[in-house]
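Protein chains in written order, with numbering that gives the first Met the number 0: chain P, 0 to 224; chain Y, 0 to 380.
For the record, the hints were derived by calculation from the structure and aren't laboratory data. There may be inaccurate statements among the hints.
[Claimed, not checked] Okay, derived cross-link-like pairs now, DSSO-like style, lysine-lysine, Cα gap no bigger than 30 Å in a straight line:
| # | chain 1 | residue 1 | chain 2 | residue 2 |
| --- | --- | --- | --- | --- |
| 1 | Y | Lys-59 | Y | Lys-92 |
| 2 | P | Lys-219 | Y | Lys-377 |
| 3 | P | Lys-206 | P | Lys-219 |
| 4 | P | Lys-206 | Y | Lys-377 |
| 5 | Y | Lys-144 | Y | Lys-110 |
| 6 | Y | Lys-110 | Y | Lys-92 |
| 7 | P | Lys-74 | P | Lys-206 |
| 8 | Y | Lys-204 | Y | Lys-167 |
| 9 | Y | Lys-377 | P | Lys-74 |
[What the hints assert, rightly or not] Only some residues are given here: those of chain Y computed to face chain P with a beta carbon under 7 Å:
| # | residue |
| --- | --- |
| 10 | Leu-7 |
| 11 | Lys-8 |
| 12 | Pro-176 |
| 13 | Asp-177 |
| 14 | Arg-179 |
| 15 | Met-250 |
| 16 | Leu-251 |
| 17 | Val-252 |
| 18 | Val-284 |
| 19 | Gly-289 |
| 20 | Arg-291 |
| 21 | Val-373 |
[As the list claims (entries may be wrong)] Some chain P residues well away from chain Y (every beta-carbon gap over 12 Å; in silico):
| # | residue |
| --- | --- |
| 22 | Asn-3 |
| 23 | Val-13 |
| 24 | Glu-30 |
| 25 | Thr-61 |
| 26 | Gly-69 |
| 27 | Asp-82 |
| 28 | Asn-87 |
| 29 | Leu-97 |
| 30 | Asn-106 |
| 31 | Gln-123 |
| 32 | Ser-146 |
| 33 | Gly-195 |
| 34 | Lys-206 |
Glycine included, each C-beta is placed from N, C-alpha and C at the ideal position.
Each chain, letter by letter, is given below.
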Amino acid sequence: MAENIVIIRHLSKVYTQGEIQVIALNDLSLEIRAGEFLALMGPSGSGKSTLLHIIAGVDRPTEGECLVQGVDVTKLNESELADWRNQNVGFVFQTFNLIPVLTALENVELPLLLTRLSRRERRQRVEAALDIVGLADRARHLPRQLSGGQEQRVAIARALVTDPRLLVADEPTGNLDSHSAQEVLGVLQSLSRTAGKTVIMVTHDPKAAAFGSRSIHLEKGELTN
Amino acid sequence: MTIAGFILKNALRNKRRALLSVLSVAASLFLLTTLLVALRELTLPAEGAGAELRVAVRNKTSIANPLPARQLPIIEHIPGVEAVTPFTWFGGKYRNEENITFAQFAMDPAKLRTVFGEAKMNLEGYDAFQAERMACIIGRMTAEKYQLKVGDRMTLESTIYPVTMEFKIVGIYSGTPDDRNMLFRQDYLNEYTGDNGQVGMWWLKVKSADDMPRVISAINRAFANTSAEVRAETERAFQLSFISMWGNIKMLVTLISSAVVFTLLLVTASTMSMAIRERFRELAVLKAIGYRRRELYAFILAESFALAATGALIGVGGAYALFTYGDVATLTHGLFPTFEVTPKIVAIGALVAAVLGIIASIMPGIAVSRMSVVEGLKTLD
Numbered sequence: 000m001a002e003n004i005v006i007i008r009h010l011s012k013v014y015t016q017g018e019i020q021v022i023a024l025n026d027l028s029l030e031i032r033a034g035e036f037l038a039l040m041g042p043s044g045s046g047k048s049t050l051l052h053i054i055a056g057v058d059r060p061t062e063g064e065c066l067v068q069g070v071d072v073t074k075l076n077e078s079e080l081a082d083w084r085n086q087n088v089g090f091v092f093q094t095f096n097l098i099p100v101l102t103a104l105e106n107v108e109l110p111l112l113l114t115r116l117s118r119r120e121r122r123q124r125v126e127a128a129l130d131i132v133g134l135a136d137r138a139r140h141l142p143r144q145l146s147g148g149q150e151q152r153v154a155i156a157r158a159l160v161t162d163p164r165l166l167v168a169d170e171p172t173g174n175l176d177s178h179s180a181q182e183v184l185g186v187l188q189s190l191s192r193t194a195g196k197t198v199i200m201v202t203h204d205p206k207a208a209a210f211g212s213r214s215i216h217l218e219k220g221e222l223t224n
Numbered sequence: 000m001t002i003a004g005f006i007l008k009n010a011l012r013n014k015r016r017a018l019l020s021v022l023s024v025a026a027s028l029f030l031l032t033t034l035l036v037a038l039r040e041l042t043l044p045a046e047g048a049g050a051e052l053r054v055a056v057r058n059k060t061s062i063a064n065p066l067p068a069r070q071l072p073i074i075e076h077i078p079g080v081e082a083v084t085p086f087t088w089f090g091g092k093y094r095n096e097e098n099i100t101f102a103q104f105a106m107d108p109a110k111l112r113t114v115f116g117e118a119k120m121n122l123e124g125y126d127a128f129q130a131e132r133m134a135c136i137i138g139r140m141t142a143e144k145y146q147l148k149v150g151d152r153m154t155l156e157s158t159i160y161p162v163t164m165e166f167k168i169v170g171i172y173s174g175t176p177d178d179r180n181m182l183f184r185q186d187y188l189n190e191y192t193g194d195n196g197q198v199g200m201w202w203l204k205v206k207s208a209d210d211m212p213r214v215i216s217a218i219n220r221a222f223a224n225t226s227a228e229v230r231a232e233t234e235r236a237f238q239l240s241f242i243s244m245w246g247n248i249k250m251l252v253t254l255i256s257s258a259v260v261f262t263l264l265l266v267t268a269s270t271m272s273m274a275i276r277e278r279f280r281e282l283a284v285l286k287a288i289g290y291r292r293r294e295l296y297a298f299i300l301a302e303s304f305a306l307a308a309t310g311a312l313i314g315v316g317g318a319y320a321l322f323t324y325g326d327v328a329t330l331t332h333g334l335f336p337t338f339e340v341t342p343k344i345v346a347i348g349a350l351v352a353a354v355l356g357i358i359a360s361i362m363p364g365i366a367v368s369r370m371s372v373v374e375g376l377k378t379l380d
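Turn these sequences into a full structure, and let the hints guide you.
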């Protein structure tokens, strides 16, 4: 049985707005195995994106532990978190978030500019990542010259290029038509199955969740299954 | 792709805005450079070669009061004095012009080359100036302005003396900091005015810089407690006494320059804030994929700096090219004879641009640094 890549214990997140307190996550505990493709489901406001953000190290819990590959990300400072994210997590967003003035190749190269890799090594990695998502022939295209599905696949290549073990995707098919969504989900599924990547995907679409190896449901900040 | 390439692409993503911003910085820095050059020209007249050995002697009461011609042999015999010449303001108007458009002074032609050695003129000019009673020499700029040449005659109506005098141009000189003056013979002036035994001032040259303090002191002492006490001072000190009259203009130009810099700062800061504000989500994404606060701030600073530096290159560089290779003296009818963009002024322009680039990046830099990834991603959702 695969090791646990994510271990969450008694995680809580409370947002304070004036005198009102909103509980986003309530004493949540969870384990995610390496290589899993986990679909995180739930209605709006259930806390699934908050959970994803904490696992990815872009948000902090109010209480609890979140160990990712043995590192408690809640204990890292801003600078350490930035380095950790660069080396250990790949992000895929709902709205792709590519830089419009950069080509697909340059967008994918962005995380590598922080590394000590040579130009040639960076180029090789970028081409390999674009090849994995089937867009090697679109490397010189600007985002506006690509379809939505292609843009999201470029975003997946950008998430992959540093070779992280963990990919987090927040509603990656939310802005896509069904055909493009199938393509993107297929890529994520393949990364989990063949490359051994752990994929955590937030979705409220059961069809998308069906591509995952496991689904969990959140409601009012708590797991329901 | 390189980091520099990334910054450049970001800076040029809205080309029209980038162009307008650069042009506004360039225009402001051009104006600032122009003001600084004008201020320098008004307040710090360039020193000519030999100025460090020249002494101006004027009436202690006022420069408008003349000095007795009998002082000459006393000054000449002071040890360290090489040559002395009278220097009498004529205040003549040329060609019925309303104002005095160039200065005229009566002097001893034999002392011209010794006292004002930086004036370049052909030998015939020097010889004729000494030989011909009506001779005068004029600066290159005045000759060009009025299209005068050697052999021409010019008539000047004095505003000091009740005379109108005719002169013959025997030489055109150049090489002084202000090639506009007209010089003629003191003895010719004396003929017209009836030789009242007075001169306007004395200008003299000392033998060495070491002699300067002693000679000045000796001259002042020599005429102390006489009916015509004098004030001897270096040429530089004499010029500075005139500069003090420009006090208010100096303050005005300084105020305008400050307003220009302040406006420039607002324009640049506003441009940078807008440019960064519309990229908040992208910056949040960069943060998410591992870019730290300092790296994001470096991007913003570099972009802001590039904007200011390009503006400076065009604005200050344009001013340098225009004022160095253009004929400002002619354009301003001789008001600004040199209008030189000095290395110091270029440095001030570059420094203003650099400070501008840094200050304009501070507010957006702080905003990006404070932004959390989650907030940033939500901003434009």
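Against the structure, the hints come out as follows:
1. Under the criterion of a C-alpha separation no larger than 30 Å, the hint pairing Lys-59 of chain Y with Lys-92 of chain Y is consistent with the structure, at around 27 Å.
2. In summary, the hint linking Lys-219 of chain P to Lys-377 of chain Y is supported, as the alpha carbons are separated by about 21 Å, within the 30 Å threshold.
3. A distance of roughly 22 Å separates the Cα atoms of Lys-206 of chain P and Lys-219 of chain P; the hinted pair therefore holds under the 30 Å criterion.
4. This hinted pair checks out: Lys-206 of chain P and Lys-377 of chain Y have alpha carbons roughly 26 Å apart, not beyond 30 Å.
5. For the proposed pair Lys-144 of chain Y and Lys-110 of chain Y, the alpha carbon gap of about 27 Å is at most 30 Å, so the pair holds.
6. As the CA atoms of Lys-110 of chain Y and Lys-92 of chain Y are separated by approximately 26 Å, the hinted pair is consistent with the 30 Å bound.
7. Note on Lys-74 of chain P and Lys-206 of chain P: the hinted pairing is violated, with a Cα-Cα distance of about 36 Å set against a maximum of 30 Å.
8. Simply put, Lys-204 of chain Y and Lys-167 of chain Y have alpha-carbon atoms about 27 Å apart, close enough for the 30 Å limit, and the pair holds.
9. For the proposed pair Lys-377 of chain Y and Lys-74 of chain P, the alpha carbon gap of about 25 Å is at most 30 Å, so the pair holds.
10. Here the hint on Leu-7 of chain Y is broken, as its CB sits about 10 Å from the closest CB of chain P, past 7 Å.
11. About 5 Å separates the beta-carbon of Lys-8 of chain Y from the nearest beta-carbon of chain P, less than 7 Å, and the hint is met.
12. For Pro-176 of chain Y, the interface hint is violated, the least distance from its beta-carbon to any beta-carbon of chain P being 52 Å, above 7 Å.
13. Taking 7 Å as the C-beta contact cut-off toward chain P, the hint placing Asp-177 of chain Y at the interface is violated, the least distance being around 54 Å.
14. The interface hint given for Arg-179 of chain Y is broken, as the beta carbon of that residue sits about 56 Å from the closest beta carbon of chain P, more than 7 Å.
15. Hint status for Met-250 of chain Y relative to chain P: violated, with the closest Cβ pair at about 47 Å, above 7 Å.
16. The interface hint given for Leu-251 of chain Y is violated, since its Cβ lies 45 Å from the closest Cβ of chain P, which is over the 7 Å cut-off.
17. Here the hint on Val-252 of chain Y is broken, as its CB sits about 42 Å from the closest CB of chain P, past 7 Å.
18. The interface hint given for Val-284 of chain Y holds, since its Cβ lies 4 Å from the closest Cβ of chain P, which is under the 7 Å cut-off.
19. With a least beta-carbon distance of about 2 Å to chain P, the hint placing Gly-289 of chain Y at the interface is held under the 7 Å criterion.
20. The criterion of a C-beta within 7 Å of any C-beta in chain P is met by Arg-291 of chain Y, whose closest approach is roughly 4 Å, and the hint holds.
21. Because the beta carbon of Val-373 of chain Y sits about 5 Å from the nearest beta carbon in chain P, less than 7 Å, this interface hint is met.
22. Annotated as non-interface, Asn-3 of chain P keeps its C-beta farther than 12 Å from every C-beta of chain Y; the closest such distance is 24 Å.
23. Every beta carbon of chain Y lies more than 12 Å from that of Val-13 of chain P, the smallest distance being close to 15 Å; the non-interface claim holds.
24. Every CB of chain Y is more than 12 Å from the CB of Glu-30 of chain P (nearest about 24 Å), matching its label as outside the interface.
25. Separation of Thr-61 of chain P from chain Y is adequate, the least Cβ-Cβ distance of about 14 Å exceeding the 12 Å criterion.
26. No beta-carbon of chain Y is positioned within 12 Å of the beta-carbon of Gly-69 of chain P; the least distance is around 19 Å.
27. Listed as outside the interface, Asp-82 of chain P is inconsistent with that label: its C-beta sits roughly 7 Å from the nearest C-beta of chain Y, within the 12 Å cut-off.
28. With a least beta-carbon separation of about 9 Å from chain Y, Asn-87 of chain P fails to lie farther than 12 Å from that chain, contradicting its non-interface assignment.
29. Consistency note on Leu-97 of chain P: stated as away from chain Y, yet its beta-carbon is not over 12 Å from all of that chain's, at 9 Å minimum.
30. In this structure Asn-106 of chain P is not separated from chain Y by more than 12 Å, as the shortest Cβ-Cβ distance comes to only about 9 Å.
31. Gln-123 of chain P, annotated as away from the interface, keeps every beta carbon of chain Y farther than 12 Å; the closest lies near 14 Å.
32. Interface exclusion of Ser-146 of chain P from chain Y stands, the closest Cβ pair being 20 Å apart, more than 12 Å.
33. Interface exclusion of Gly-195 of chain P from chain Y stands, the closest Cβ pair being 21 Å apart, more than 12 Å.
34. The Cβ of Lys-206 of chain P lies farther than 12 Å from every Cβ of chain Y, with a closest approach of about 23 Å, so its non-interface assignment holds.
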